[in-house]
Structures are given as C-alpha cells and as structure tokens.
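Produce the entire structure from the sequences given, and follow the hints as far as they go.
Residue numbers (the numbering used here), protein chains in the order written: chain A, 117 to 276; chain B, 318 to 391.
For the record, the hints were derived by calculation from the structure and aren't laboratory data.
Ideal Cβ positions, reconstructed from N, Cα and C, are used throughout, including at glycine.
Hints may be right or wrong, so weigh each one.
[Said to hold, decoys possible] Only pairs whose alpha carbons sit at most 16 Å apart, straight line, appear in this in silico EDC-like list of lysine to aspartate or glutamate:
#, chain 1, residue 1, chain 2, residue 2
1, B, K368, B, E384
2, A, K272, A, D212
3, A, K272, A, E209
4, B, K344, A, E250
5, B, K368, B, D388
6, A, K247, A, E152
7, B, K344, A, E209
8, A, K272, A, E213
9, B, K344, A, D158
10, B, K368, A, D158
11, B, K368, B, E390
[To be verified] Covered by chain A, per the in silico footprint, the following chain B stretches (three or more residues, Cβ under 8 Å):
#, region
12, 349-357
13, 363-369
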Amino acid sequence: MASLTDVFSVLNGLRADGVIEEYAVGGAMAMVFWAEPTATFDLDVFVFLPEPASLIVSLEPLYAALQGRGFNAVSEHVMIHGTPVQFLVSPNELGDEAIEMAAEHELDGVTFRVMRPEHLCALWLQAGGAKRRERVEVLRQSGVLDETLLQRLLTKYGIR
Amino acid sequence: MTRARADKAASRGRPSEELLSRQRAAKARWRSMVARQPFREKVAIVLDMQKRLYPILRGRRSMRWWERPWDIEP
Chain A
117 MASLTDVFSV LNGLRADGVI EEYAVGGAMA MVFWAEPTAT FDLDVFVFLP EPASLIVSLE
177 PLYAALQGRG FNAVSEHVMI HGTPVQFLVS PNELGDEAIE MAAEHELDGV TFRVMRPEHL
237 CALWLQAGGA KRRERVEVLR QSGVLDETLL QRLLTKYGIR
Chain B
318 MTRARADKAA SRGRPSEELL SRQRAAKARW RSMVARQPFR EKVAIVLDMQ KRLYPILRGR
378 RSMRWWERPW DIEP
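This is how it looks when you write it as structure tokens:
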C-alpha cells in the first residue's frame, strides 16, 4: 500500500521535470505536521507554475502531466496514490513567500516541503473565517509559532 | 434570563482564576506534547479520524468524490 512519501515523490518528480517550479504543502496537513492532528480529507499543495505564456493561469498542463503519470484530475482534485491532492497556485506575494520559505523535511528518505507555521497563520488570517482563526490558535498553543515573525508578516502584508 | 435561573446561576460554584489558568496551561502542554509526536504517528491519527468521521458525515450530507478515507498507510 502506498503512503504519503509516494505522494511527495510525485511532487518532487513534477518539480524535477519542470512541470512545477516549486511547491509547499499547506492547509490542514501542514498544521498536522507542526501541531496536532485534525480531520481533513485532502492535501493542499501550493505551487509555482512555470512562466505562463499569458497572465491567465491554467492548471491544465499540470493535470496533463499528472494524467501521463496515471493520476487523473476530477473537479480540481487529483487522486495520487490514494490521497486526493488539490493544487493551488500561489494567490499573492504572501503565498509566494510561504512557498519560498517552506521548511524542507524528510520522510523515509523522501524530502518534502511544508509551509512554516507563521506563514500558515498569516495566510489563514488573511483569508479569514472562524475555522482558520481556530487553526491559528491551535498552532499558537502548540508552542511552534514565532510570534515576532508572525507579527512581522501581518504588518508586512497589511493583515489585521 | 428568568429570575429563578439567574438566582441558580448566582449560587453555582465557579472555577477560580487559578484553576482556569492551570487548566489552560495543561491544555497548552498537551498540545505542545502532541505537536512533537513524529509526523508518521500524526498521519496515522488523521487516517483513523477519517475512518471514524466518514460514516458520520455521509449520513448528514452528500460527500464530494474525494471526501473519503485515504487509501494509504501512515
């Protein structure tokens, strides 16, 4: 049976083949990495796509590359080795920084990149919503947050 | 609030600030301890949560195609 390392291997392969420039795991599974487990049914992966020919971003080349590897996209999710993955293009400069500054870790010899807790919190506070604010509090109580860095991010990106 | 309910509320014992503070600290310690667990163990918990949550959610609403327990091992 496959495991998350197989999913991370696919992500690393996409990057090596130039299908994506870079990636970082975000969302609930990133919170699981840094803090306590939470119920989730998908894996959010934020990506930089190669320079597009136009300003309109399309995930079709990424989906086509995944299809070529045997993983089909259905309604914005791709089932990769038994895990539904949603690919999200970095929406703004904060997202860019979160991907660029992501922490690199290793699981069974496979490296993967996960957004740092301060960037996760800043993104959640920027997006707003009760559930996201609750996640910020969970990360805060887990003792993994650098509050100074988080405040710097909130100021830098004008997040209240 | 009715008068009777207000009287009952006023006569109930309440936790002290010290007790509340201790309980909050205990919760924070627990969260910190769980946060330090190996990722693989936390993934195993997520997979278990999915298996328990799925039949409950399915009974309440229609699920999207990808909303089901992951077919992976931790």
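Enumerated hints in conflict with the structure, sorted upward
7, 9
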